[in-house]
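S.K.: Okay, here's what each chain looks like letter by letter:
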Amino acid sequence: QLYSSSLDGSIKLWDFMDGIPIKTFTVGSKLLALYALASSEDSVFVVIPKSGERDTFQLVSVKLTKAAGQDLEAKELSVVLDGVDASPKHIAFGREGEYVASVKEVNLQVYFFKQKQLNRFSVSTMKTKSGNNHFTCIACHPTEDCIATGHADGKIRLWRNFHHKKEYTFSTLHWHHDTVMDLAFSVEGTSLLSGGVESVLVLWRNESDCQKDFLPRLGSAIEYISMSSDGALCCTLHTDNRITIINSNLRFSKSIQGLIKSRGVKTGLVVDPRTKALVLNGEPGHLQFYCLQSDQQLFSLDIVQRQYIHQAGLNQADLVKVAFSAQGKWLATVEEREEVTDPELQLKLWFYDEETQSFKLNTRITMPHEDHITDMCFRDMDELEDDSLILVTAGRDCVFKVWVMVEDTDPEAQQSVSWSCDFVGSYHNYQATKCCFSEDGSLLAVSFEETVTVWDSVTWDLKCTFCYPPGKIRNICFGRLTCSKYLIGATDYGFLCCWNLLSCALEWSAHLNVLVLQPDPLSEHIAAVSWLSKESSLFVFKPNEPRPIYIQRNLCKEKIQLAVFVPRDEPETIGSEKYLWLRRSQLFFLTDTQELMTLSTKSLEERLTPSSKQLAVEESLPVTPFSLLLGKHRRQQSQEDVDLGKLLVRNKHEQDSPAVKELLHTPAHVLPSASFLCPIFINSLLISKENKSAEEVADEVEMESEKTEDDSDEERDVTETEQEDTSPMESLGEMTCKLPKSQEKELRKIRKMDYSWISAF
Amino acid sequence: MATYKPVVVQAFPKLGERITQDTVYWRGYKPPYNYAVTASSRIHIYGRYSQEPIKTFSRFKDAAYCATYRDDGNLLAAGSEEGSIRLFDISGRAPLRQFDGHTKAVHVVGFLSDKYRIFSGGDDYSSNLWDIPSATEIVSYSEHNDYVRCGCASKVNADVFITGSYDHTVKIFDARTKSSVMTIEHGQPVESVLLFPSGGLLVSAGGRYVKVWDVLKGGQLLVSLKNHHKTVTCLCLNSSGQRLLSGSLDRNVKIYSTTSYKVVHSFNYATSILSLALSPEDETIVIGMTNGVLNVKHRKLEERKEKSQKKRQPAYRTYVKGRTYMPKQEDFCVSKPVKRVLRKYDKLLKSFQSSKALDAVLEPPIRLHTPEVTVAVMQELHRRGTLRSALAGRDEKQINLLLTFVARRVIEPRFTSVLVTVADMITDIYQPVVGQSAIVDRQFLRLQEAIGKEIDYQEELLEVLGMMDTLFATFTKKRAAYLEENKSNGLTETTETNRNNYHNKLSEK
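For the protein sequence lines, the chains are A and B, in the order given.
For the first sequence, counting from 1, position 746 maps to 746 in my numbering; every step adds exactly one.
For the second sequence, counting from 1, position 485 maps to 485 in my numbering; every step adds exactly one.
To be clear, the hints were calculated from the coordinates, so they are not data collected in a lab.
Take these hints with a grain of salt, some might be off.
[What the hints assert, rightly or not] PhoX-like cross-link-like pairs, simulated, lysine-lysine; straight-line CA separation at most 25 angstroms:
{"#": "1", "chain 1": "A", "residue 1": "K360", "chain 2": "B", "residue 2": "K5"}
{"#": "2", "chain 1": "B", "residue 1": "K339", "chain 2": "A", "residue 2": "K360"}
{"#": "3", "chain 1": "A", "residue 1": "K254", "chain 2": "B", "residue 2": "K5"}
[Claimed, not checked] Here are a few chain B residues that sit away from chain A, every Cβ distance over 10 angstroms (derived from the structure):
{"#": "4", "residue": "T3"}
{"#": "5", "residue": "Q10"}
{"#": "6", "residue": "S134"}
{"#": "7", "residue": "D214"}
{"#": "8", "residue": "L216"}
{"#": "9", "residue": "L225"}
{"#": "10", "residue": "H229"}
{"#": "11", "residue": "N238"}
{"#": "12", "residue": "S272"}
{"#": "13", "residue": "N291"}
{"#": "14", "residue": "V293"}
{"#": "15", "residue": "E363"}
{"#": "16", "residue": "R367"}
{"#": "17", "residue": "E380"}
{"#": "18", "residue": "V433"}
Note that this is a predicted model, so its numbers are computed, not measured.
Just so it is clear, CB atoms sit at the ideal spot from N, CA and C, and this is done for glycine as well.
The shape of chain A in the complex, shown without the other chains (with noise of 0.2 angstroms):
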């Protein structure tokens, strides 16, 4: 059986070879850590903040009762130790729950059960250069008294005698050169397992200093180690979101991983048009290829093919930049280094080999630009012969460039096509930002700074060029399909705008703080994500039409950093209008936090059916591996410490209205149609966060459109219905804002009429 604990104060116990929750206990405040020993089995210890004082905690035994019944209250606390730390790294029992070890930045407590004894012991505080010498972690050993502790400085101290206060004794160890992130005793006790930084597990033999074996390149920094009860295997999670699993001999087992969460997700979201995978950051300097469907890593391509040395401080390439052509038989990756005199970038063209069935290195290009390069983008055309292939890189040296292949005549020669630079293009002098091709690749655009331009894929002309000042383009991207004729940028400055590329001429603009402008492949629809006061909100449009025809608002806290489009296997029938959009492909967002979340079509009867726990949730379903493995690895580590962030994500999800409870609990035979639960369903989603939504639709219709003056009338009465709706459900707590609301939109009044005077004019 295993215990969980979680932030919102409750204690569960599963069944875990089912994933049957057995019983619930209430305990009422933020737990932050949960310790269970074998010896009492009828009470856990959990660490709690103190009542009425901020940042100190203290660990408390709490004791459960073994009453029948789901939910049960557990109201017993006794406290065990007082001014103890957070992290569930810092306390460890001792053999046989003989004692507790807890260590708070350079002190080390001992808390004697027995004899009812508190120990105090301190290391002195310096500081060196490597760090200081708090204490990280602890673990005690399973049969002797002795307590091993790790510091922020690398060393690990073993203690002694700590049964008297002043004889106390130890010895230390020191390998690490950064800080000891976790130790863990084996089930012996005659060697002691350490990793951090270094993504080295050490292993130390009998506690002594000589006698030590490693297992290198574990591929990211240790963040915690456990052994299994057997001590036939051990596992060490890694911070990048992954689990490994040892030999008792140091030998390297399995490795369990989804998402691989890299430092900063620099690529961009890219989908393979091969495998429909989702392409990006993995370890550092490789590409990893996330399979959407089965959450697991395809594989990882090791793109910069050096050496990673886990250290602080280091500057090393890393992956920037990806780009996938039309059919996925050539990938192209930009590394770079950060460097205090100038960058070093590298270009690779990789051919996908169909033998091997993997990515080949083609063409390396050491520095293609003197700067860093912003953008990159092939020509897609998938009728197209292969040497038709272009590929654009945008750099901030103020030129972009244009690759072509080049065939090797020779037939001797190893390699047929190899990629040489065709074409350098500039525009006054100014930084190129990003590029694209529209969709039959006949034109080419790239933005400089304020300034779109456009040019001929064939002569390398230069066609035309757009301007929205004030603002810098912050992305561009060319309508499709029916919507060919328009090219769509997003300036900083929070402006939407359309340009028409026929008739050269602005179509429409909308005031919107666009973060990320993402067009579906299959569609002409674009999906926009704005950052309004605190939330993002997703926008859906037709090039044609300046009103967008979905929109989501308070998608979530987070800033969305990227989203992408992945083409649907086969359209999936959408029976709401609403969904349309979502009909070939599947739009998916990646936050500041590495969180992958998508937008789930399913239509309201469908998630009614109580085939799942999730169904409550709303659209935005938060996929959330890392919960889900750090889960699994807790079950491991024998109901030591549970981790309660991502569980909390889906229980405030789960919160909802009396009037969807109503219709979750009630059996589907009693029900009334669907169509009569609708509105209520839809009104009770609608309370939840209207707080916002009214300021925002405002924003949102400040489009204003070139065409006509009745579409601006028409869209202005539909901002004041629509606020009309929402209205009643303000709570009274919203009456002071309700006036700087109605000033603003009075001052939005105005501004309308200026423009339409000025375009009368």
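Put chain B on the given structure of chain A with help from the hints.
M.R.: For chain B alone, kept in the frame of chain A given last:
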């Protein structure tokens, strides 16, 4: 799980010329041995290796032309200015036969493949066929209407020979008929003709063009090559028939692949080339030039690999033993870990011994022959942030070594960016000890000198570039100029900053 990744040594493409197998092959010719042939009325025979004529025939009254060996190497025929053709035995001195009949100079002589007949072409516009045993004229064709200056015989058919003339035509004759069987219009005065060993393809050279014709298709033009900018004077095939060589008055010998007809290599000579020959097995290439110089290149002998036959190799079956064994269902496989061989510096880098790794790549063989390895390791150390500590703490001898290396290589564009950093660090670290050792001081000054020279050179290049820009500005094509500009600008900047740093440091001293 990841394994250690060795340091990547950057391979830089060679600018200008690409190294292909051809380049390697043709580069195999050693530098030329030049010597002059003075007598124009004499035929010298040079030995295979000696640079002295081993035999001289001096029976001509006037200039001799087109000395040709018979296939078996026993007979030698030559035409002459006076119009007679003489046939020599290699072992004897006096001519065996003399064929008279041409009224003007004979510039081309050749043996037919049956070995008993000779064809010739003369300035009297005629091409004749001679019988060797009787020394009589078999047939005479007067179809050309200008000088006949080249010809060749078919190796397949003993009756067929070809002549090329200044009347822009190439004619194919069959000894069995009374007139030519085919006429090919080259377009320029034909300087040289050549038949492929198969007899199906004909190559003619004239003007600036080398043209390849398909004889079997009735003289259809296959390809026309225009790679020389002056008249092509001579043609030659190599022994395998894979390469075609052409020599020209523009001082170049171009080598073409006969499959793609692309130039795969080219030789450059001091003066215009008149004639060209390759020995069998391509051991020697001999070129005659307008200034009377004969240029001979020998091929370097391939290393014989068979020398190490002392150790008896284990039998083949020892190697294949057990290799083909397929594990059965119930077998338990124990896989042998593959041991990867790492270079010495990689091993040291793997164990984070940066100073020793730097020592390892400063050993003479690596430092002198593969400086890119040394630079790659320096770059890797810089990447790891340990370059400074690896450079520090060295004695006079080692600093001297380092500085020599840096001063010599810093001007190479591919190493500049890394070595500038290294030079910067060395000056930083060893600034306090400057003036204590004369050797080190000298090296510092040499480094400064090298950088100063490079900067002057770059400035000069920029001036040239500026001039070229003004020229290019008048044209519409600007592409090339942009590219070049970018390249050289970047280099100058880095060297310039280095120079500034460097001057500051020296002045501090």
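S.K.: Now, for every hint given, state plainly whether the structure supports it.
M.R.: Each hint, compared with the structure:
1. A:K360 - B:K5: Holds, at roughly 17 angstroms.
2. B:K339 - A:K360: Holds, because 24 angstroms separates the two Cα atoms, which is no more than 25 angstroms.
3. A:K254 - B:K5: holds, 21 angstroms
4. T3: Non-interface label fails for B:T3: nearest chain A Cβ at 7 angstroms, not farther than 10 angstroms.
5. Q10: Since the minimum Cβ distance to chain A is about 7 angstroms, B:Q10 lies within 10 angstroms and the statement is violated.
6. S134: holds, 50 angstroms
7. D214: At roughly 20 angstroms from the nearest Cβ of chain A, B:D214 sits farther out than 10 angstroms, so the non-interface label holds.
8. L216: B:L216 is indeed farther than 10 angstroms from all Cβ atoms of chain A, at 23 angstroms.
9. L225: holds, 14 angstroms
10. H229: holds, 22 angstroms
11. N238: Given a closest Cβ separation of 15 angstroms, the condition holds.
12. S272: Non-interface label on B:S272 holds, nearest chain A Cβ at 29 angstroms vs cutoff 10 angstroms.
13. N291: holds, 34 angstroms
14. V293: Nearest chain A Cβ is 33 angstroms from B:V293, so the label holds.
15. E363: holds, 22 angstroms
16. R367: holds, 22 angstroms
17. E380: violated, 8 angstroms
18. V433: holds, 26 angstroms
Violated hints, listed in ascending order, are 4, 5 and 17; each of the other numbered hints is respected by the structure.
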